[in-house]
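Heads up: the protein sequence lines correspond to chains X and E, in order. Going by our numbering, the first residue of the first sequence is number 71, and it counts up by one from there. Going by our numbering, the first residue of the second sequence is number -17, and it counts up by one from there.
In short, the hints are calculated from the structure, not lab data. A few of these clues could be false.
[As the list claims (entries may be wrong)] Mimicking DSS-like on lysine-lysine, the simulated pairs with C-alpha atoms at most 30 Å apart in a straight line are: (1) X:Lys92 with E:Lys59; (2) X:Lys92 with E:Lys2; (3) E:Lys59 with E:Lys105.
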Amino acid sequence: MRYFPHSDRETRTMLDLIGVEKLDELFSGISDNRRLRQSVRHLAPCPRLPVVDGTTRLKKSDGTRRA
Amino acid sequence: MLNANYIRARLEGTFQLPFKQRSLHEVVFSDANLPNDCHTLDVAKRLLDYGFHPPTIYFPLVVHGMLMIEPTETESKQELDEFCAALLAIAEEAQNQPALLHEAPLNARTRRLDETLAARKPKLRWVKSEI
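Whenever a hint applies, use it, and build me the whole structure from the sequences.
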């Protein structure tokens, strides 16, 4: 999946300098799970903040931290 | 990952590379081979003169004088090349004009701040300047 702004020629230049033939070779050292997370991270929606309209009160923290 | 490895390939002959394996999303260098008593802080301050925000320095602590560069994948090759050119120029300055590094930043609005004082006695409230 392409997620960088380089042209094909620029990518080729960069890979040649790094010393790898294909982009996949760069990712070969990381696990499938990690690769999957990296490939979809930018697709994940941003967490939505609670809407406060003046009548809704945010729940106060009880001072404990969630795991 | 591509960008981090590209920066690594561009700079590894100039800055010492403490970890030889391929980079994941960041690349770290140390100041071990900088001459003339130039250190990571000097490089970071001099980068300001070249118009770049310095990367993370002195962290993590496992390597002395670490310079940790984490380029996002959205940076263009042109931007990466300019950043690398700035660091290569700074390395050359460390060799030939070390005073430029020791006194940097020279072109910023403020020179070196007392960061220890700022950490120990932080001013957390804005006060209108009398000047």
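Status of each hint after checking the structure:
no. : hint                  : result
1   : X:Lys92 with E:Lys59  : holds (17 Å)
2   : X:Lys92 with E:Lys2   : holds (20 Å)
3   : E:Lys59 with E:Lys105 : violated (39 Å)
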